[in-house]
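Chains as they are written, first to last, in the numbering used here: chain L, 1 to 185; chain D, 1 to 99.
Treat the hints with caution; some may be incorrect.
[Unchecked claim] Dumping the calculated SDA-like pairs for lysine to any residue here, alpha-carbon to alpha-carbon at most 25 Å: (1) Lys91/L x Leu78/L; (2) Lys180/L x Val70/L; (3) Lys53/D x Val102/L; (4) Lys53/D x Lys91/L; (5) Lys180/L x Leu167/L; (6) Lys86/D x Ser116/L; (7) Lys53/D x Val4/D; (8) Lys86/D x Asn80/L; (9) Lys91/L x Leu105/L; (10) Lys180/L x Leu23/D; (11) Lys98/D x Leu167/L; (12) Lys86/D x Ile34/D; (13) Lys98/D x Val4/D; (14) Lys98/D x Val80/D; (15) Lys91/L x Arg25/D; (16) Lys53/D x Leu105/L; (17) Lys86/D x Arg28/L; (18) Lys91/L x Ile34/D; (19) Lys180/L x Arg28/L; (20) Lys91/L x Ile158/L; (21) Lys86/D x Leu96/D; (22) Lys53/D x Met69/L.
It should be emphasised that the hints constitute simulated quantities derived from the structure, not laboratory data.
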Amino acid sequence: MAINLQTVLFFLFSVIALGSAIMTILHRNPVYSAIFLIVTLFALAGFYVLLNAPFVASVHVIVYAGAIMVLFLFVIMLLNLKHDLSRKRGKVGRRAFALLLVIILLAEMGVLIGGSQLTGNGVAATPPAVGLANGPADSTKFSGSTAAIGKQLFTTYILPFEIASVLLLVGIVGAVILAKRKLTS
Amino acid sequence: MPLVYYLLLSALLFGIGVAGVLLRRNAIVIFMSIELMLNAVNLTFVAFAAHFKNLEGQIFVFFVMVVAAAEVAVGLALIVAIFRVKQTVFVDEINLMKW
Numbered sequence: 001m002a003i004n005l006q007t008v009l010f011f012l013f014s015v016i017a018l019g020s021a022i023m024t025i026l027h028r029n030p031v032y033s034a035i036f037l038i039v040t041l042f043a044l045a046g047f048y049v050l051l052n053a054p055f056v057a058s059v060h061v062i063v064y065a066g067a068i069m070v071l072f073l074f075v076i077m078l079l080n081l082k083h084d085l086s087r088k089r090g091k092v093g094r095r096a097f098a099l100l101l102v103i104i105l106l107a108e109m110g111v112l113i114g115g116s117q118l119t120g121n122g123v124a125a126t127p128p129a130v131g132l133a134n135g136p137a138d139s140t141k142f143s144g145s146t147a148a149i150g151k152q153l154f155t156t157y158i159l160p161f162e163i164a165s166v167l168l169l170v171g172i173v174g175a176v177i178l179a180k181r182k183l184t185s
Numbered sequence: 001m002p003l004v005y006y007l008l009l010s011a012l013l014f015g016i017g018v019a020g021v022l023l024r025r026n027a028i029v030i031f032m033s034i035e036l037m038l039n040a041v042n043l044t045f046v047a048f049a050a051h052f053k054n055l056e057g058q059i060f061v062f063f064v065m066v067v068a069a070a071e072v073a074v075g076l077a078l079i080v081a082i083f084r085v086k087q088t089v090f091v092d093e094i095n096l097m098k099w
C-alpha cells in the first residue's frame, strides 16, 4: 500500500478514535468520559470526510458533539455525581467474564470480516459490479454532497423521513414527561 | 483505504462499546458506550456506501442518528427520574425489578 495523505490520516484518526474510546470506558470521572467520547466523535467525522461524505461528517459533528454530548454533560452536572467517584469497581470474576465475552465477540467479527467475499482480497480499488438496490454501480453519480443526499431523502426516502420526525416528537414528549413526573418508590 | 481496514476499525470500536456496557456500573457511562456502538455501526454504513458507490448507506446514517438522539433524550430523562428516587446512577444499586 502506497503511503499517501489518506493513509496517514486514516491511521492518525484510528489511533485517536481507539485511544479516546478506550479512555471513555476506563476513566473514573464521567465528565472526562464524555470529553473523550467527543474526541472519538470528531475522529469519526474525519473518517466520514475521508470516505467522501462531507454532509454526513458535518451533521455528525453538529448532532453528536453539539447536541447529544451537551445533553450528557448537562445531566452529569445536574446529578452532581462527585460523591460517587471513590467507589470500587465490580467483582473481579464478573469483569473477567465480561472481557471474555468481548474477546469472543471480537473474534467472531474478525472471522466474519476475514472470511467474507467482500473483503477477502482486501482491495477497494475494484468496486464490485453490483449495486445493492440501484442496479449496476455508477461511480460517476456517487457523491456525498448535500444536494445528492437531499434529493434522495426527499424523494425515495420521504416516508422514513416523516416517520423519523414523528419519532423525534415522541422522544421529546417522553423525555419531558419522564423528567417532570415524580416516581414513587 | 481498503474497506477491510474500516470494517476492522468499526469492529474494534463496537467491541470497546460492548466492553463499556459490560464493565461499567455507572448508567451514564453505559449510555455513552451505547453511543459508541451506534457510531461504530455508522462508520460501517459510510464505509460500505463509499465502497459500493451507493448513497443509501449515507442516508441510513441519518436515521440511525435520529434514533440515537431520541434514545439519548428518553434515556437521560429515565436516569434523572431514577436518580430522584434512588439517589444513585449505579446500576447494581438499582434493583427494584430484581426478584
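Structure-based check of all given hints:
1. Lys91/L x Leu78/L: Distance ~29 Å between Lys91/L and Leu78/L Cα, so the pair is violated.
2. Lys180/L x Val70/L: holds, 20 Å
3. Lys53/D x Val102/L: With a Cα-Cα distance of about 32 Å, the restraint between Lys53/D and Val102/L is violated, given a limit of 25 Å.
4. Lys53/D x Lys91/L: violated, 48 Å
5. Lys180/L x Leu167/L: holds, 20 Å
6. Lys86/D x Ser116/L: With Cα atoms ~48 Å apart, Lys86/D and Ser116/L exceed 25 Å; violated.
7. Lys53/D x Val4/D: Holds. Lys53/D to Val4/D sits at ~16 Å (cutoff 25 Å).
8. Lys86/D x Asn80/L: holds, 14 Å
9. Lys91/L x Leu105/L: Measuring from Cα to Cα gives roughly 21 Å; hence the hint holds.
10. Lys180/L x Leu23/D: Violated, at roughly 31 Å.
11. Lys98/D x Leu167/L: Since the Cα atoms of Lys98/D and Leu167/L sit roughly 30 Å apart, the hinted pair is violated (cutoff 25 Å).
12. Lys86/D x Ile34/D: holds, 23 Å
13. Lys98/D x Val4/D: violated, 42 Å
14. Lys98/D x Val80/D: holds, 20 Å
15. Lys91/L x Arg25/D: Holds, because 11 Å separates the two Cα atoms, which is no more than 25 Å.
16. Lys53/D x Leu105/L: It is violated: about 29 Å lies between the C-alpha atoms, which goes past 25 Å.
17. Lys86/D x Arg28/L: holds, 21 Å
18. Lys91/L x Ile34/D: holds, 22 Å
19. Lys180/L x Arg28/L: Outside the cut-off at roughly 29 Å; violated.
20. Lys91/L x Ile158/L: violated, 49 Å
21. Lys86/D x Leu96/D: holds, 10 Å
22. Lys53/D x Met69/L: violated, 31 Å
Comparing the model with each earlier hint shows violations of hints 1, 3, 4, 6, 10, 11, 13, 16, 19, 20, 22; every other hint is respected.
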